[in-house]
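Let chain X serve as the given structure and place chains Y, H and Z on it in line with the hints.
Here are the chains, one letter per residue:
Number of protein chains: 4
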Amino acid sequence: MTRARLRDLGIQVGSFPTGPNNAITDVPGVQVGHFTLIEDQPTVTRTGITVVLPRDGAIGSDYAFAGFHRYNGCGEMTGIHWLEEIGMLTSAIALTNTHQVGMVHDALAEFSFTHDHYGAFYLPVAAETYDGWLSDMNAMPLKREHVFQAVLSAKSGPVAEGSVGGGTGMICHEFKGGIGTSSRVVTGKSGTYTLGVLVQTNYGDRKALRVDGVPVGMEIGYDRVPGPWQVPPQSGSIIIIIATDAPLLSDQCRRLAQRATNGLARTGGYGHNSSGDLFLAFATGHHIPAQTDEPISLGVMLPNHHLNPFFDAVAEAVEESILNALTAAETMTGYKGRTVYALPLDDLQRIMAHARGAIA
Amino acid sequence: MTRARLRDLGIQVGSFPTGPNNAITDVPGVQVGHFTLIEDQPTVTRTGITVVLPRDGAIGSDYAFAGFHRYNGCGEMTGIHWLEEIGMLTSAIALTNTHQVGMVHDALAEFSFTHDHYGAFYLPVAAETYDGWLSDMNAMPLKREHVFQAVLSAKSGPVAEGSVGGGTGMICHEFKGGIGTSSRVVTGKSGTYTLGVLVQTNYGDRKALRVDGVPVGMEIGYDRVPGPWQVPPQSGSIIIIIATDAPLLSDQCRRLAQRATNGLARTGGYGHNSSGDLFLAFATGHHIPAQTDEPISLGVMLPNHHLNPFFDAVAEAVEESILNALTAAETMTGYKGRTVYALPLDDLQRIMAHARGAIA
Amino acid sequence: MTRARLRDLGIQVGSFPTGPNNAITDVPGVQVGHFTLIEDQPTVTRTGITVVLPRDGAIGSDYAFAGFHRYNGCGEMTGIHWLEEIGMLTSAIALTNTHQVGMVHDALAEFSFTHDHYGAFYLPVAAETYDGWLSDMNAMPLKREHVFQAVLSAKSGPVAEGSVGGGTGMICHEFKGGIGTSSRVVTGKSGTYTLGVLVQTNYGDRKALRVDGVPVGMEIGYDRVPGPWQVPPQSGSIIIIIATDAPLLSDQCRRLAQRATNGLARTGGYGHNSSGDLFLAFATGHHIPAQTDEPISLGVMLPNHHLNPFFDAVAEAVEESILNALTAAETMTGYKGRTVYALPLDDLQRIMAHARGAIA
Amino acid sequence: MTRARLRDLGIQVGSFPTGPNNAITDVPGVQVGHFTLIEDQPTVTRTGITVVLPRDGAIGSDYAFAGFHRYNGCGEMTGIHWLEEIGMLTSAIALTNTHQVGMVHDALAEFSFTHDHYGAFYLPVAAETYDGWLSDMNAMPLKREHVFQAVLSAKSGPVAEGSVGGGTGMICHEFKGGIGTSSRVVTGKSGTYTLGVLVQTNYGDRKALRVDGVPVGMEIGYDRVPGPWQVPPQSGSIIIIIATDAPLLSDQCRRLAQRATNGLARTGGYGHNSSGDLFLAFATGHHIPAQTDEPISLGVMLPNHHLNPFFDAVAEAVEESILNALTAAETMTGYKGRTVYALPLDDLQRIMAHARGAIA
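Residue numbers (the numbering used here), protein chains in the order written: chain X, 13 to 372; chain Y, 13 to 372; chain H, 13 to 372; chain Z, 13 to 372.
A portion of the hints provided could be inaccurate.
Said to hold, decoys possible - If you anchor each label on the Cβ, the simulated ranges turn out as follows:
(1) D235(Z) <-> E306(Y): 37 to 45 Å
(2) M230(Y) <-> T199(H): 56 to 64 Å
(3) D128(X) <-> D20(H): 54 to 62 Å
(4) D305(H) <-> L164(Y): 43 to 51 Å
Said to hold, decoys possible - Derived coverage of chain Y by chain H (criterion: at least 3 residues anywhere in the stretch with Cβ under 8 Å from a Cβ of chain H; other residues may be distant):
(5) 83-90
(6) 112-119
If you're looking for bench data, these hints aren't it; they were derived computationally from the structure.
Computed from a prediction, not measured in an experiment: that's the story for all the values here.
We treat Cβ as the ideally placed atom computed from N, Cα and C, and that holds for glycine.
Extracted from the complex, chain X is given alone in its bound form:
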């Protein structure tokens, strides 16, 4: 089955225009890199690492205002004590599997200390979701060199989605999930800015899946696409990264991160008990040099009463990013011969066309 992005299927959520690549990389300076490890020997591995680099990587020497929101805490995202203390992102962001988030954390720090361009990642941000259904996660197959590769491969432009990088072995709404991205261009009284989102999706019941309000998941039975699974506890999660070039301050970033809840709710994410639903937003519009002995000149900030379009754009871009992960990811067979099926695009189009006809 050929996969697609949601908009290629004629389905559009929300009303803001997207950036040129409809990706988090539409935010100037934001780069994404994937390292994907798919092997059947010596063990069945379906895992990887996705990195998001602000400032073309140099975030360790030029901090960005940032905020965090925990919708449900059954997951790990390191570096948040410091991020919340000073309201800034000071390191690259890496997404991976549950059992190697620590290795990735250490490797991000180590990498930065040997690569001047990036500054120092003293307290790096590494987050995880669980891929143990499709991958022999306990084998801990990822190595620090893989983290370095992911960072060094990061670039702007189009972003690979679906079963790639940290999203390789993930499952979403009982379909194959993974990495998704989307962007919005927000034009208001304060100017024109880009906002981008990248998600690693690994949560959700099928019956809860909605697309633009339409209960698509309930229309695709287990007879049509096999399921459900008895996945282990602590299995769900979604990590959401939000970037913007608007000159937002830390509280404003936190408010953006919290609004990701809105986009997640629209697709049917309920913040279930064993889900690690952790959201991080950063804004590159201000520059905060890591090392300086002078007061730091700030430019403008946006008035809080200009933020509503950003709040709405976050919800739209999160919703579309999740759906892009679903429409991009292909059916995958992995550990112990388990198969997780892709969301059937023809069903999706048919259901949406039917529902849209009813409204219009």
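Using the frame of chain X, we list chains Y, H and Z on its own:
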């Protein structure tokens, strides 16, 4: 136009059964009282007070575990420093207008000190939304006796909805809003429990209003129902109160409160900048005597991995409570001759029937 | 007994220089006003209101970055949901007694809507401590006009301390407490700034009182100064307000507020269960117009690695403010003929001289 | 120089009695294990791992209520999103150096999956402080087997202090620091309970060091004991672990954790910018089985108004734990030939005797 509850219109959101009154009062011991003030002299007043009393009122001597979530903070709910410190609700809850939340706060305390049955409300919970569009709010028309009346009138059983009590002058999604309520019965491995919600709705754009995913608001133009308004800043808000008789602890209550976001998102609440979106959940399943010199015997707690049905029930009950406020509230003319129109029920039914037909 | 400020007694805590008045008003634009109500008829009243006004009062139209810290939550400080949401102070601050904090809240809002100079206090900050031991608090003797008076009387320059304003009936470490203030001048790589503190003290056991580390409270027995009291539950509390003209952002203000804990700990404040220990810091170095349709120009911010002197200065100024409240307050007889005794200054000087001699 | 514990020197802080070992292991079921790595080849290594195991290790199958407080966030402690979400500790706790906290995190999880006794550490708690001054931290000398060794060596009884385990290379108040521990027995209306503390100390200026209020640090000049150092940024930190067998709930644990600030403040800890001051408290008095399909029976809880002695005991035990780290740690020479000197015990005794004489 005769008003109705959502289910009377043949529209059902969610899948859990409701309690007998589909109201927060389905939770045993929870009482609701309204005081409504609608006068045109000496000034145009459309305001009031709604109280929610756990424990048949005696919450000041028999505390309940509780939790709070702030989705957006442009509003006031007093008593939260203490509620979050100890994870307990220790007072009655009152909802009113913005400019008199302080008076209501003081009056709740005063009332408790002279009415033994209630225990002592040292740090009472009073919350507000803004009704200055339809009511001469600056006249501060409510008196402490009105608070006492609201408390003394509280009872179990059916709850009046729409333009009543604290919700009298409220506006929601550019239709007449106010008080709404709903309940769910949750049966799981841990037993059968009731969960109820009461909302005071005063937020939202019309175009964002959705009912069970259907974009109802976009289908009802300003030519059909007049709008929009230029309401003043700080005008939006929704207060959500969640009650359950399940033996939940404080963290579990906080998690419930946070899931209200999900129900709000489904109806089109975006947590806009000037909205005070403040959510409080309490659980009556444990009893914590205010005055004791002995360790306190607790009964059972529910395992966290049994909470998902409660999370889902919160989302459903919040969604239905908001919609009940909209279907109950009648068109109102108030301050300066302004009219806010009710959501037309025939339009709602027609749009929903059409959309449902398409899915089924 | 003539009362004094701590430094007048030859006792100095900390090493930073103070501002000209050693008061929160040393921060340019910060004004303090007191309204004190001491009456024996119709009932025994020992209460009042203290207001802190940034921007010469105009804080409702020109917001300031701000942060909050709760050391213990058994108290009320309104307006914090909004302050934490946007990281800004948008209103005057008022301190009063427990049962009238709501009235003071409403009155602050009302005042602002009728006095253009102040901007609009939509969600005002009103905080309280309990004075029911010395004052017939249930009589609710304060009126809205008293709040207006406190605001209108606010001025820069020296600040009255001890049994004045909101501090009139307060008790601290089992001596007479009340209002205290102090300031520090911080000179570092980022320039020279002033930091000021004002406290309303109403907490603490005598035996825990320390002055610059010396266990003064243990040296002054109940035979020397009568005590202890069986004050009612919920009786303790300290409200701490920190102001600076440094160009700090919201997270930096929150960090300052949290460091007040340090100063409180030094004097023997333990954050006991029934204490409302609520701390607020604001910084006037940036100007954020409440009403604007343009992006807001910010000036410089201080690097976080320049903050340590501010952290230390907060601890020093909080410690000295508390001690100034104790050395300023005179013995008071009030409700039901109860007397609370002042800290004896000669004892204090003698104990400190002895201890200092030992070290030096 | 022979080292000692504070009490062996005739110096006592606080008034509560200690447990039999004056150690966190006085709390029944709490075990401590150290792995210490001191090597000069292939590189100079002064580092290690300290683990704290509740429930004789079986914390992954029998959770404990717990709470967290961040005094300053420039550090890492993993597992806190989940700990705060459910208010429980679900894993062992490990303390180590900054650059290997990730490895230790992964190893704790891996260990638990292969050792049934411990249950599953899905989201383990690993925390760090910086030892790069005395140890070649970038060499990342610790291996997963070392983590396993630390866990397997954990035992009750006396606890080694000073330059051991995670504290091996640490520096405190410009003297040699490391691991310290202490305990208190709290007897009140709710019964008799033990509270224990373990700290990994790596923060502070010498001049700020106080012992029971006496400014000891100012009395020991750099001529007497060499210093100061230009240690790198992000170098300070203190991790504080608090355990009790009292049947406290999560909010009560969080309150205990927050009171650690008090003990830290007494010794001169200011929460400086680059310090990771992260505090965790857990209570073993309740048992929460990780895997159950039944509601969980709880026993008694302590009324919040019985907590003050626990708050005071935390402050005392934290203060003494820090001082025990200082009196236990010996002068150490490490990386690049640098030497960090022990606090001279004779000076300490002399200064304290002098000061005490003055008071008594």
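Each hint, compared with the structure:
1. D235(Z) <-> E306(Y): 37 to 45 Å: The hinted range 37 to 45 Å is violated for D235(Z) and E306(Y), with Cβ atoms some 59 Å apart.
2. M230(Y) <-> T199(H): 56 to 64 Å: 60 Å, holds
3. D128(X) <-> D20(H): 54 to 62 Å: Holds, since D128(X) and D20(H) (Cβ atoms, about 56 Å apart) stay within the stated range.
4. D305(H) <-> L164(Y): 43 to 51 Å: 48 Å, holds
5. 83-90: Since 7 is at least three, the answer is holds.
6. 112-119: Coverage by chain H holds for the stretch 112-119 of chain Y (8 residues, Cβ < 8 Å).
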